[in-house]
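Student: Positions 112 to 928 (this note's numbering) are the ones given, in order, by the sequence shown.
These aren't lab readings, by the way, just hints derived from the structure by calculation. Among these hints, one or two may not hold up.
Unchecked claim - The calculated BS3-like cross-link candidates involving lysine-lysine, where the alpha carbons are at most 25 Å apart (straight line), are: (1) Lys832 / Lys543; (2) Lys753 / Lys785; (3) Lys753 / Lys793; (4) Lys392 / Lys426; (5) Lys515 / Lys888; (6) Lys832 / Lys884; (7) Lys334 / Lys426; (8) Lys666 / Lys392; (9) Lys378 / Lys342; (10) Lys284 / Lys326; (11) Lys836 / Lys884; (12) Lys753 / Lys794.
Claimed, not checked - Derived CB-CB ranges, DEER-like: (13) Arg317 / Thr881: 53 to 59 Å; (14) Thr357 / Asp742: 31 to 37 Å; (15) Thr357 / Glu227: 30 to 36 Å; (16) Glu269 / Tyr623: 47 to 53 Å; (17) Asn526 / Asp783: 54 to 60 Å.
Given the structure is predicted, the values throughout are model-derived calculations rather than measurements. Don't be surprised by glycine CBs; every beta carbon is placed ideally from N, CA and C.
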Amino acid sequence: MAQYTGKVFVDANHNGIFDKGEKTLHHVAVSDGLNVVQTDSKGTFHLPGHSRAHFLFITTPSGYKTDNAYYRPIEEVRAEYDFPVYPCRSGIQPDGTHRFIHISDTEIHGKEGNREWADNLLDYAANERIAFIVHTGDICYEAGLDSHIRLLNTSLMEDTQVFYGIGNHDLVKGAYGEEHFERLYGPAFYSFEVGNVHYVMTPMLRGDFPPRYTKEDVYRWLKNDLAHVSKEKSVIVFNHSLPEDTVAFKYGVSDTEYVDLPAAGLKAWLYGHWHVNHIHKHEAAGVYTICTSTPAGGGIDHAPSAFRVLTVNAKGGLTFELRYSYLSPSLHIASLENGQAPVLPSGNIPLSVNAYSSISSVRAMHYWCECEGKKVSSSGPLRQQTDFNWYAEISLPAQWERRKITVVVEAHFNNGEIKQSRRSFLCRKHEKPQIRLGEEWKNLLSSPERMGISRDTFALPLRLAWVRNIGASVYMSAPLVYQRRIFAASVDDNESGKASVTCLDAENGTIYWQYPVRGSVRSSIAAASGRVFVQDVHGYLYAIDATTGALVWEKNLGTGMLPPLDDGLIATSEVLYAGTGQSLCALKTSTGELIWKNEAWTRGEGCVATLSLGQNLLIGHANWKGLYANDAVTGLLAWENKDGELKYRSGSAAIVGENLYLLSSRSLFVMDAKSGRIIVRKKLGYSVEVNSIPLVTDTEIIFGTTRRGIVALDRQTMEEKWNFKTNPALIYTSPYSKPPSSTVEASPVLVGNTVFIGASDGTLYALNRTDGKLLWKHHTGVPIFATAAVSGNALYMADFAGNVSGFVSIPDFGIIY
Numbered sequence: 112m113a114q115y116t117g118k119v120f121v122d123a124n125h126n127g128i129f130d131k132g133e134k135t136l137h138h139v140a141v142s143d144g145l146n147v148v149q150t151d152s153k154g155t156f157h158l159p160g161h162s163r164a165h166f167l168f169i170t171t172p173s174g175y176k177t178d179n180a181y182y183r184p185i186e187e188v189r190a191e192y193d194f195p196v197y198p199c200r201s202g203i204q205p206d207g208t209h210r211f212i213h214i215s216d217t218e219i220h221g222k223e224g225n226r227e228w229a230d231n232l233l234d235y236a237a238n239e240r241i242a243f244i245v246h247t248g249d250i251c252y253e254a255g256l257d258s259h260i261r262l263l264n265t266s267l268m269e270d271t272q273v274f275y276g277i278g279n280h281d282l283v284k285g286a287y288g289e290e291h292f293e294r295l296y297g298p299a300f301y302s303f304e305v306g307n308v309h310y311v312m313t314p315m316l317r318g319d320f321p322p323r324y325t326k327e328d329v330y331r332w333l334k335n336d337l338a339h340v341s342k343e344k345s346v347i348v349f350n351h352s353l354p355e356d357t358v359a360f361k362y363g364v365s366d367t368e369y370v371d372l373p374a375a376g377l378k379a380w381l382y383g384h385w386h387v388n389h390i391h392k393h394e395a396a397g398v399y400t401i402c403t404s405t406p407a408g409g410g411i412d413h414a415p416s417a418f419r420v421l422t423v424n425a426k427g428g429l430t431f432e433l434r435y436s437y438l439s440p441s442l443h444i445a446s447l448e449n450g451q452a453p454v455l456p457s458g459n460i461p462l463s464v465n466a467y468s469s470i471s472s473v474r475a476m477h478y479w480c481e482c483e484g485k486k487v488s489s490s491g492p493l494r495q496q497t498d499f500n501w502y503a504e505i506s507l508p509a510q511w512e513r514r515k516i517t518v519v520v521e522a523h524f525n526n527g528e529i530k531q532s533r534r535s536f537l538c539r540k541h542e543k544p545q546i547r548l549g550e551e552w553k554n555l556l557s558s559p560e561r562m563g564i565s566r567d568t569f570a571l572p573l574r575l576a577w578v579r580n581i582g583a584s585v586y587m588s589a590p591l592v593y594q595r596r597i598f599a600a601s602v603d604d605n606e607s608g609k610a611s612v613t614c615l616d617a618e619n620g621t622i623y624w625q626y627p628v629r630g631s632v633r634s635s636i637a638a639a640s641g642r643v644f645v646q647d648v649h650g651y652l653y654a655i656d657a658t659t660g661a662l663v664w665e666k667n668l669g670t671g672m673l674p675p676l677d678d679g680l681i682a683t684s685e686v687l688y689a690g691t692g693q694s695l696c697a698l699k700t701s702t703g704e705l706i707w708k709n710e711a712w713t714r715g716e717g718c719v720a721t722l723s724l725g726q727n728l729l730i731g732h733a734n735w736k737g738l739y740a741n742d743a744v745t746g747l748l749a750w751e752n753k754d755g756e757l758k759y760r761s762g763s764a765a766i767v768g769e770n771l772y773l774l775s776s777r778s779l780f781v782m783d784a785k786s787g788r789i790i791v792r793k794k795l796g797y798s799v800e801v802n803s804i805p806l807v808t809d810t811e812i813i814f815g816t817t818r819r820g821i822v823a824l825d826r827q828t829m830e831e832k833w834n835f836k837t838n839p840a841l842i843y844t845s846p847y848s849k850p851p852s853s854t855v856e857a858s859p860v861l862v863g864n865t866v867f868i869g870a871s872d873g874t875l876y877a878l879n880r881t882d883g884k885l886l887w888k889h890h891t892g893v894p895i896f897a898t899a900a901v902s903g904n905a906l907y908m909a910d911f912a913g914n915v916s917g918f919v920s921i922p923d924f925g926i927i928y
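My request is simple: use the sequences and hints to build the entire structure.
Tutor: Dropping the structure here:
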């Protein structure tokens, strides 16, 4: 005889009670955490129960929502449980296509300070008709668990459901680890359906405190749950981390007892835990594993604060889009700053516009030109090039030469909002300052020592000579100047095939070639021996002919799937140093032949820092583990330093003479390069978990910070000399950073007595070296994470919109407005 009975019904009057005339639903799965049955033709169910049962819960059917009532705690004296549902087909197309939002690892410690990113989610879901939001755990600890459910739940959403999973930091002290989670969020494992997809939430099996459930509990329920799923449906699984078997995706308790998830229709496994944005396609199984970092702040490997939007089509096919948090609707004409406009070889003026909103996509954009209050051109459309950038070319007749032109751009967002921006310039199409190249910048900050001091000098102000979009965002990969060309590498955290290496003409920005790579290039690249070298997040190393763009050789470094290979590399004329941990190696630049491979230390958490080379030592890092020096010739370990504060590797070391200068945690370190001994530990009292490499001059040490913009210390006394406070970051990247942090991830470059540095507020700054006073700036409207490069009278910069820009010194040209 059944221990539990009840029905699933459409609650027409939303009173939670089955009333006469209300419709029941058949073929809805109901479970007691082990057994799974379906409602009969009358909408009723009968479950036997079991000794470990805590809840009864339904698989919420597609087209319905439950206002967090898809589960019922079992009461000792109660045997009948009804489940009310409400129609909700918002965001579900007739063929089953729909979109949902994935977030993870918000790790809040209370409700304060979280309203903005939570509102971004709520507003985007409403504006873009999102079917549901799913959080895959680490909410975090008791205070976070108590607060998060009030920030984000189904009852707050008119047409969108919210589902939660349990992470390792959600298993907290109690009678059993998941007790607190269950009281607020319900069962740790369950399923629901939307469109043609069966979604399964599975729990983290280990955490801060042991759970009551076991893997066997989850396996036996999962087997029964999937037994009721039609073969025509796709399956997507959520968990806080990866499955133990990421080869065949067999979830079970032994070699003979398991669920073959790909055979059951598995298309993707979504997770968090690593605080990174990373997608990996397992070709053999035909399954994606998809990690999403936090929308609340920067990720461990400096993943931008973001939430992921997934579109699932009728056949279970997936496409992805990251939406960046904290960005109010913005619109900026990046190519018309300081009253100036670059001129293309054709005589047209490039109109490069950066626009974004966290809560709604830009639907369309157009522009027109005015002079003396009258339109001088009709409205024209702009073409979208990347998530942020839109582009058009303005053709102005000769009659407008040397007259003030105002360009008006208007952006239309999907939610109906319209934003307008205006910029003016003096039309001087026949006056084109010439770029004269000097030294090559073949590595980040020019030299393997990462010193960042240009031998070429020029005077301010600078004029934007050209701007070219390369089709995808540029993260912390600095542009190179090599063989009179510029080389830039891009990221593609949506795995849409847009990551590439691009070669541009240094004088006018013409694109010569683009070489597609398998995944994002997140840190520094290098050039030598007629080749450009890059490594992507999947661990592939590429040597590309600098002239033709043809692949010369490539290697799989064998880094494994996680963490992604975010690190940068370094090259000399004959030797390339690439990889990290036990994939760190030295190779011949010409052939890729292995010279040595590191066996002394293993990699840590993901990190965007890069290698440094000097004193015949290669300085590497393992985030959360330590700093390491390998003999550059033999590869043998010269020393290691696992100081408790030194181990947080966000930035790289500058090698100046016999010393290393580097930032870690909340201190600046000066170390003996030969021994790894700490000479100076300057406690700063603020976070410097940024990718910025210190610029060491005769009198200053200058660097970016997490929250205080740019700081200079007196090199002799180590006391603060000046602090230039940038505006708050547009996107937060430094680990756990949130608004209002004035973050600077890029490294400073010295030209004469002027320091050039891009900031996360979207501005390239020129500062006086000795007092930090602002001398010149260029605003882009998007974060600048990459370090600039200098050659001759030119400076080159790349921004997060995917624009590569060439600036030229024009001391006698002047700023017009």
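Student: Each hint needs a verdict: does it hold in this structure or not?
Tutor: Tested hints:
1. Lys832 / Lys543: The given pair, whose Cα atoms are some 39 Å apart, is violated under the 25 Å limit.
2. Lys753 / Lys785: Holds, because 16 Å separates the two Cα atoms, which is no more than 25 Å.
3. Lys753 / Lys793: Roughly 17 Å between the alpha carbons, so the hint for Lys753 and Lys793 holds.
4. Lys392 / Lys426: 17 Å, holds
5. Lys515 / Lys888: It holds: about 21 Å lies between the C-alpha atoms, which stays within 25 Å.
6. Lys832 / Lys884: With Cα atoms ~12 Å apart, Lys832 and Lys884 stay inside 25 Å; holds.
7. Lys334 / Lys426: Given pair Lys334, Lys426 holds - Cα atoms ~23 Å apart, limit 25 Å.
8. Lys666 / Lys392: Holds, at about 19 Å.
9. Lys378 / Lys342: 13 Å, holds
10. Lys284 / Lys326: 20 Å, holds
11. Lys836 / Lys884: 11 Å, holds
12. Lys753 / Lys794: 17 Å, holds
13. Arg317 / Thr881: 53 to 59 Å: Since the Cβ atoms of Arg317 and Thr881 sit about 54 Å apart, the hinted range of 53 to 59 Å holds.
14. Thr357 / Asp742: 31 to 37 Å: 35 Å, holds
15. Thr357 / Glu227: 30 to 36 Å: 35 Å, holds
16. Glu269 / Tyr623: 47 to 53 Å: The hint (47 to 53 Å, Cβ to Cβ) holds, given that Glu269 and Tyr623 are roughly 51 Å apart.
17. Asn526 / Asp783: 54 to 60 Å: Between Asn526 and Asp783, where Cβ atoms are some 57 Å apart, the hint holds.
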